[in-house]
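**Q** What follows is each chain in one-letter form.
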Amino acid sequence: NAGVMQNPRHLVRRRGQEARLRCSPMKGHSHVYWYRQLPEEGLKFMVYLQKENIIDESGMPKERFSAEFPKEGPSILRIQQVVRGDSAAYFCASSPGGGTGELFFGEGSRLTVL
Amino acid sequence: AQSVTQLGSHVSVSEGALVLLRCNYSSSVPPYLFWYVQYPNQGLQLLLKYTSAATLVKGINGFEAEFKKSETSFHLTKPSAHMSDAAEYFCAVSPLTGTASKLTFGTGTRLQVTL
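Read top to bottom, the protein sequences are chains Y and P.
Per the working numbering, residue 1 is the first one in the first sequence, and the count goes up by one each step.
Per the working numbering, residue 115 is the first one in the second sequence, and the count goes up by one each step.
By construction, these hints were calculated from the structure, which means they are not laboratory data.
Computed from a predicted structure; not experimentally measured.
Beta carbons are placed, not taken as given, at the ideal position from N, Cα and C, and that holds for glycine.
Worth double-checking, as some hints may not be accurate.
In silico negatives: residues of chain P with every beta carbon more than 10 Å from chain Y [to be verified]:
hint : residue
1    : G122
2    : S126
3    : L158
4    : L160
5    : K163
6    : G173
7    : N175
8    : F177
9    : F181
10   : S184
11   : T191
12   : M197
Negatives, chain Y to chain P, calculated, CB over 12 Å [as the list claims (entries may be wrong)]:
hint : residue
13   : G28
14   : K44
15   : P61
16   : R64
17   : R78
18   : Q81
19   : R84
20   : G85
21   : G108
22   : V113
23   : L114
In silico DSS-like cross-links for lysine-lysine, where the CA-CA straight-line distance does not exceed 25 Å [what the hints assert, rightly or not]:
hint : chain 1 : residue 1 : chain 2 : residue 2
24   : Y       : K62       : Y       : K44
25   : Y       : K44       : P       : K163
26   : P       : K163      : Y       : K27
Next comes chain Y alone, as it looks inside the complex (with noise of 0.2 Å):
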């Protein structure tokens, strides 16, 4: 199955870690989206990367939130210092870009912050 791959699915974290979490895009796509569902909410977009560039983070938050997607790899997305509002589900999409319109979506992560 070469759909988007994330993981963890689940992650647990104590206040002041740090999580990471990793998505690996359908084969042939080189366009990423982050986006972060919080509970009985939808899905609020995060940040778009191509290759080795962030091309719209206007979603990220400011401070503790990163993202990167390497040459090689998957793409990262990484909270420092989580606190409990970051427990959300971040679902990773790809597409091949050329102005398809769609997305395609990982299973998401599931972060807890205790």
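Knowing the structure of chain Y, use the given hints to seat chain P on it.
**A** Then chain P, alone, in the frame of chain Y:
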């Protein structure tokens, strides 16, 4: 700027009844419009999309949606609900420009199907 409004956070229908989930959008440019479905603890799966071709769009699992520019709506329908349709449904909008696929989502509608 773009936005999506989904009326009704919860909708309950009987099995076999019509499903109607409402979505209205706001967009300063011609939009792409999407409906996604999310089953518990899973990611989002594309049901259907409108990309400026036919205004009536047919998707998977018997769902369809009609783009009505005059009403800025893209409501999702299915003639006969099935128990397996119980899930959360999200409407989303994307600008019809460039190569990016940045989607703006509505807050979702949880569909319950009863016997």
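**Q** Taking the hints in turn, state whether each one holds.
**A** Structure-based check of all given hints:
1. Every beta carbon of chain Y lies more than 10 Å from that of P:G122, the smallest distance being close to 14 Å; the non-interface claim holds.
2. The Cβ of P:S126 sits about 17 Å from the closest Cβ of chain Y, beyond the 10 Å cut-off, so the non-interface label holds.
3. P:L158, annotated as away from the interface, has a beta carbon of chain Y within 10 Å; the closest lies near 4 Å.
4. Not every Cβ of chain Y is farther than 10 Å from the Cβ of P:L160; the closest lies at roughly 6 Å, contradicting the non-interface assignment.
5. Residue-level check failed: P:K163 sits 6 Å from the nearest beta carbon of chain Y, not beyond 10 Å.
6. Once the 10 Å rule is applied to beta carbons, P:G173 is consistent with being away from chain Y; the minimum gap is 12 Å.
7. Every beta carbon of chain Y lies more than 10 Å from that of P:N175, the smallest distance being close to 17 Å; the non-interface claim holds.
8. Every C-beta of chain Y lies more than 10 Å from that of P:F177, the closest at about 16 Å, which supports listing it as non-interface.
9. With a cut of 10 Å on Cβ distances, P:F181 stays outside the contact zone with chain Y, its closest approach being about 13 Å.
10. Every CB of chain Y lies more than 10 Å from the CB of P:S184, the least distance being 22 Å, so the non-interface label holds.
11. Look at P:T191: its CB is around 21 Å from the nearest CB on chain Y, clear of 10 Å, so calling it non-interface holds up.
12. The Cβ of P:M197 sits about 22 Å from the closest Cβ of chain Y, beyond the 10 Å cut-off, so the non-interface label holds.
13. Under the 12 Å C-beta cut-off, the non-interface status given to Y:G28 relative to chain P holds; the minimum distance is some 14 Å.
14. Chain P draws Y:K44 into its interface by the beta-carbon criterion, the shortest separation being 8 Å against a cut-off of 12 Å.
15. With a minimum CB-CB distance of about 17 Å to chain P, Y:P61 clears the 12 Å threshold, and the non-interface call stands.
16. At roughly 22 Å from the closest C-beta of chain P, the C-beta of Y:R64 stays outside 12 Å, upholding its exclusion from the interface.
17. Residue-level check passed: Y:R78 sits 21 Å from the nearest beta carbon of chain P, beyond 12 Å.
18. Listed as a non-interface residue, Y:Q81 keeps its Cβ farther than 12 Å from every Cβ of chain P; the least gap is roughly 27 Å.
19. With a cut of 12 Å on Cβ distances, Y:R84 stays outside the contact zone with chain P, its closest approach being about 21 Å.
20. Under the 12 Å C-beta cut-off, the non-interface status given to Y:G85 relative to chain P holds; the minimum distance is some 18 Å.
21. Chain P draws Y:G108 into its interface by the beta-carbon criterion, the shortest separation being 5 Å against a cut-off of 12 Å.
22. Y:V113, annotated as away from the interface, keeps every beta carbon of chain P farther than 12 Å; the closest lies near 18 Å.
23. Against chain P, the non-interface label of Y:L114 holds: every CB pair exceeds 12 Å, the least being about 20 Å.
24. Distance restraint check for Y:K62 and Y:K44: the Cα-Cα separation of roughly 15 Å lies within the 25 Å cut-off, and the hinted pair is therefore satisfied.
25. Restraint check for Y:K44 and P:K163: the C-alpha separation of about 19 Å stays at or below 25 Å, so the hint holds.
26. Between the alpha carbons of P:K163 and Y:K27 the distance comes to roughly 22 Å, so the proposed pair stays at or under 25 Å and holds.
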